[in-house]
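Given the coordinates of chain A, work out where chain B should sit on it, guided by the hints.
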Amino acid sequence: MSRDQLLHKVRTALGRSAGQEPGPPPPVRIRIPQIERTERIAMFRRQLELLAGKTESVRSYSDAAGYVERVLAGRDAVASGSAFLVQCGITALAGVRSGFTSSADLRAACATCAVGITSADYALADTGTLVMLAGPDQARMVSLLPPVHIAILPASRLLTSLDELLSIVPDPAQVTSAMVLITGPSRTADIEQILVRGVHGPGEIYVIILEE
Amino acid sequence: MSATYPPTIESTMADPALQLAVYTATGRLIAKRKNAIGGDLLPDFEELRTHANALKRHTIENLDYYLEQVERAVERNGGKTVFCRDGDEVADFVLNLAKERGAKLIVKSKSMTTEEVNLNERLEHHQLEAVETDLGEYIIQLAHERPYHIVAPALHMTRYQVADLFTKKLGVERETVVEKQTMIARATLREKFLAADIGITGANFVVAESGSVVIVENEGNARLTSSAPRIHIAIAGIEKLIPRAQDSAVFLKLLGRSATGQPLTVYTSFISGPRRARDMDGPDEFYLVLLDNGRTKLLADADKRESLYCIRCGACLNHCPVYRKIGGHNYPWVYSGPIGAIITPQFAGVQQDPWLPFASSLCGACAEVCPVKIDIPRILLELRSEVVEGKTREGSNRWELLAFKLWAWVMRRPKLYEAFGMLAASVAPSVESGEAGPRWIRRLPGLMNAGPAKAWTSERDLPPPPERSFRAMWRERTGTVRH
Numbered sequence: 009m010s011r012d013q014l015l016h017k018v019r020t021a022l023g024r025s026a027g028q029e030p031g032p033p034p035p036v037r038i039r040i041p042q043i044e045r046t047e048r049i050a051m052f053r054r055q056l057e058l059l060a061g062k063t064e065s066v067r068s069y070s071d072a073a074g075y076v077e078r079v080l081a082g083r084d085a086v087a088s089g090s091a092f093l094v095q096c097g098i099t100a101l102a103g104v105r106s107g108f109t110s111s112a113d114l115r116a117a118c119a120t121c122a123v124g125i126t127s128a129d130y131a132l133a134d135t136g137t138l139v140m141l142a143g144p145d146q147a148r149m150v151s152l153l154p155p156v157h158i159a160i161l162p163a164s165r166l167l168t169s170l171d172e173l174l175s176i177v178p179d180p181a182q183v184t185s186a187m188v189l190i191t192g193p194s195r196t197a198d199i200e201q202i203l204v205r206g207v208h209g210p211g212e213i214y215v216i217i218l219e220e
Numbered sequence: 004m005s006a007t008y009p010p011t012i013e014s015t016m017a018d019p020a021l022q023l024a025v026y027t028a029t030g031r032l033i034a035k036r037k038n039a040i041g042g043d044l045l046p047d048f049e050e051l052r053t054h055a056n057a058l059k060r061h062t063i064e065n066l067d068y069y070l071e072q073v074e075r076a077v078e079r080n081g082g083k084t085v086f087c088r089d090g091d092e093v094a095d096f097v098l099n100l101a102k103e104r105g106a107k108l109i110v111k112s113k114s115m116t117t118e119e120v121n122l123n124e125r126l127e128h129h130q131l132e133a134v135e136t137d138l139g140e141y142i143i144q145l146a147h148e149r150p151y152h153i154v155a156p157a158l159h160m161t162r163y164q165v166a167d168l169f170t171k172k173l174g175v176e177r178e179t180v181v182e183k184q185t186m187i188a189r190a191t192l193r194e195k196f197l198a199a200d201i202g203i204t205g206a207n208f209v210v211a212e213s214g215s216v217v218i219v220e221n222e223g224n225a226r227l228t229s230s231a232p233r234i235h236i237a238i239a240g241i242e243k244l245i246p247r248a249q250d251s252a253v254f255l256k257l258l259g260r261s262a263t264g265q266p267l268t269v270y271t272s273f274i275s276g277p278r279r280a281r282d283m284d285g286p287d288e289f290y291l292v293l294l295d296n297g298r299t300k301l302l303a304d305a306d307k308r309e310s311l312y313c314i315r316c317g318a319c320l321n322h323c324p325v326y327r328k329i330g331g332h333n334y335p336w337v338y339s340g341p342i343g344a345i346i347t348p349q350f351a352g353v354q355q356d357p358w359l360p361f362a363s364s365l366c367g368a369c370a371e372v373c374p375v376k377i378d379i380p381r382i383l384l385e386l387r388s389e390v391v392e393g394k395t396r397e398g399s400n401r402w403e404l405l406a407f408k409l410w411a412w413v414m415r416r417p418k419l420y421e422a423f424g425m426l427a428a429s430v431a432p433s434v435e436s437g438e439a440g441p442r443w444i445r446r447l448p449g450l451m452n453a454g455p456a457k458a459w460t461s462e463r464d465l466p467p468p469p470e471r472s473f474r475a476m477w478r479e480r481t482g483t484v485r486h
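One line per chain: the protein sequences are A and B, in this order. Positions 9 to 220 (this note's numbering) are the ones given, in order, by the first sequence. Positions 4 to 486 (this note's numbering) are the ones given, in order, by the second sequence.
Bound-form chain A, shown alone (with noise of 0.2 Å):
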C-alpha cells in the first residue's frame, strides 16, 4: 500500500512534519442576492426556457396534475416516491407507475417508460436549476433513464442560487450520498459542435412551479 509512502512524500515536498495543522483557509465565500419570490420565478423560467426547458406556473395540485396529464398525453411514466406528487394527484394518472418497493422494479421501469416524474428538493432560479437529493423517496434513475423528465415543486423551494443552496445545505454528504444539480436537457455537442439534446440523460425536461 501506496499511503504511507505518498503522504511521506507529499510532506517532503512540502516541508511539512505529521499531524501539522495547516493555517486558516481563505474565508467561505457566499453571495446571496436578495430577489422577490415573483422575480425569482421568472427568472428560473428565463433561464431553464433558454435551455429549451418548458416551465409552468401553476396555483393548485389538480392544475399540476392537469399539466402532467397532458404532457404524458397517454404515455407511461414512473413517478418517484415523493409524498408532494402523491399530494397533487399525480400518482393516481392513469399510466403512472409508483410506490416500488424493490430497486430491481423501479429500475426496470425506468428503463422502459418514456417519462419520469419527481419532486425536486430545490430550484435555483439564476441559473434554472433543479436540485435532487437522493434518499428513499428520490430514487437516482427517475430523473435519469426515462427519456422526459418532469419535475414539480413548490416556489417556496426556489432559491436565488448555488451559493444559497450551499448556505441552506452547506454539507451535502450529511444529508445525501448524491446531490445533483439539474440544469436544462441533458446535451452533448461532441460532433462538430453541433448541440444536440437528450445524449444519455433526459432529452426534454418540464418543471412545474406550484405557488400556493
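A couple of the hints might just be wrong.
[Said to hold, decoys possible] With a cut-off of at most 27 Å between alpha-carbon atoms, the simulated DSS-like pairs for lysine-lysine come out as follows:
no., chain 1, residue 1, chain 2, residue 2
1, B, K83, A, K17
2, B, K394, B, K376
3, B, K183, A, K62
4, B, K171, A, K17
[Claimed, not checked] Computed footprint of chain A on chain B, listed as stretches where at least three residues anywhere in the stretch have a Cβ under 8 Å from a Cβ of chain A:
no., segment
5, 146 to 158
6, 290 to 304
Just so you know, these hints were derived from the structure itself, not from any lab. Everything numeric in this text was worked out from a predicted model, so none of it was measured. Note that CB positions come from ideal geometry on N, CA and C, so glycine has one too.
For chain B alone, kept in the frame of chain A given last:
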C-alpha cells in the same frame, strides 16, 4: 536555444480541413466564454479567480493534511480511499476488485486522470471490457486515439469520419446526421450502463472535509456511471482536493463558464459514498482512488507547483495561438495546449520533449483567461531555462559555458573590464574607416575565428567598439569614475 519540433506539426498545418475544424471550434468556445462572463452576468469574475487561486494555494501547500482528512471523511460516508503511486497501482487495484467481485464490464465517464495512465488499455489487456461513455471519448476510443482537447476530445473529427467509424466498429448503416449518430451511441451505451458491474468516473473536485466527489458534465453519462453499476470508483489526482463543500461554489462558477460558457453544466453531482440504508438505488460500494503519478515531484518545486492548481477547463487551449495552429495531437502527452506545455515536462522531465516550453510566443493569453490564475508564461520561461541548463550540464557547450564564466568574472572587475574594452577597441577596425561593417568580427585574425570560438562567431555579430568608451567620456566630464 534551438529546439527540434516534431515533423507532424508541418502536416497538421498543411491540412486545411483540420486547421478549419480546430480554428472554428476553439473560436466558438472563446465566444461562449466571453458571453458568459461579460458585464452584469458575473461582475465578480475577477474576484472569483483570485479567491479560487487562494483556495488552491492553501490546499496544495497543506496537501498532506487534506489528504488525511478526506480519507477519514470517505470512510465516514461508507466508502474507502485508495492511494496509488502510478498507473500500475491503479490498474492493479481495479483488476483485483473486479476479480474479487466477478466483474466483467466497466463503464467509464470522461477522466483525464485515467487517460494519463492509459487505464483502458491496461484493463483490456486483462480481458476486462472498459467502455468510454462520454460521446467524444467513446468516438476516440473506437478510433484508438488520444483526446484532441481536454474538454472536447473529438474536436478534430468530422461527422463523416464518425459515420465511417460507427459503420466499421458498430456494424451500423452509414449515418451522417449528427442527431442520429448521437442516438446510435445512446442506444449502444445504454445497454452497457445497465449491464456494467463497475463504473469509473473522474472527479472535478474532491471535498476534503466531507469526502464528497464533485463531477460536472453535460450528457448524463457520469450520473449513469456513478449510479447504475453496483460499484463506483472515482479516480482523481491528489491535487483535486478543496477544503469545504461550500468552496465548490467558487470553482463551479468559474469552471463551466471558462470551459464552455455555461454558468453551470447540465449536471453537477456531489457524490458522498455508496447508497445509504434506505436509498432506492445507487452503488453498493464506493472507492476514491487518489493518484500521485508524478504529482509529488511537481509539489517539491515551490516555483512551479502552481501548475497543480489547474481545474482542466481548457480555456488556455482555446485562446492559445499555438494550440490553434498545431492542434492537440502534436503535444506529446494527453494534456495539450499551454497547460500541457507546462505539465508534461514536469511529469516526464524537461529533456524528454525539450521543444515543448519553446512552442509559445509568450503572448500571455493563457494566463489572462486561466480561472485559477496560473502564471503559465512564467513557468514556460523557467522550463526553458531548465532545458538550457540541462543541455549545458550535459557538456554540449562546455566552451560557451567557460567563455561566459570568464566574461562574468571580468565584468565584476571594472578595471579589468575597461582594459579589455581598450584592447577590443585597439584591435577592432575603426568605424570611420568603413572597415567596421557587418560581421567585422569574422574578419578578425586568430583565435576569434578558430576552434570552438568559430561556432559562436560564424553565426553572431557584435557592434564595433567605439573609439572612446563611455567610461573615458564620463571621466573627462566629471574627473572621476566611482568603482
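Results of checking the hints against the structure:
1. B/K83 - A/K17: holds (21 Å)
2. B/K394 - B/K376: Violated: B/K394 and B/K376 sit about 31 Å apart, past 27 Å.
3. B/K183 - A/K62: holds (23 Å)
4. B/K171 - A/K17: Between B/K171 and A/K17 the Cα gap is close to 47 Å, so the pair fails against 27 Å, i.e. violated.
5. 146 to 158: holds (count 4)
6. 290 to 304: Three-residue rule met by the segment 290 to 304 of chain B, so holds; n is 6.
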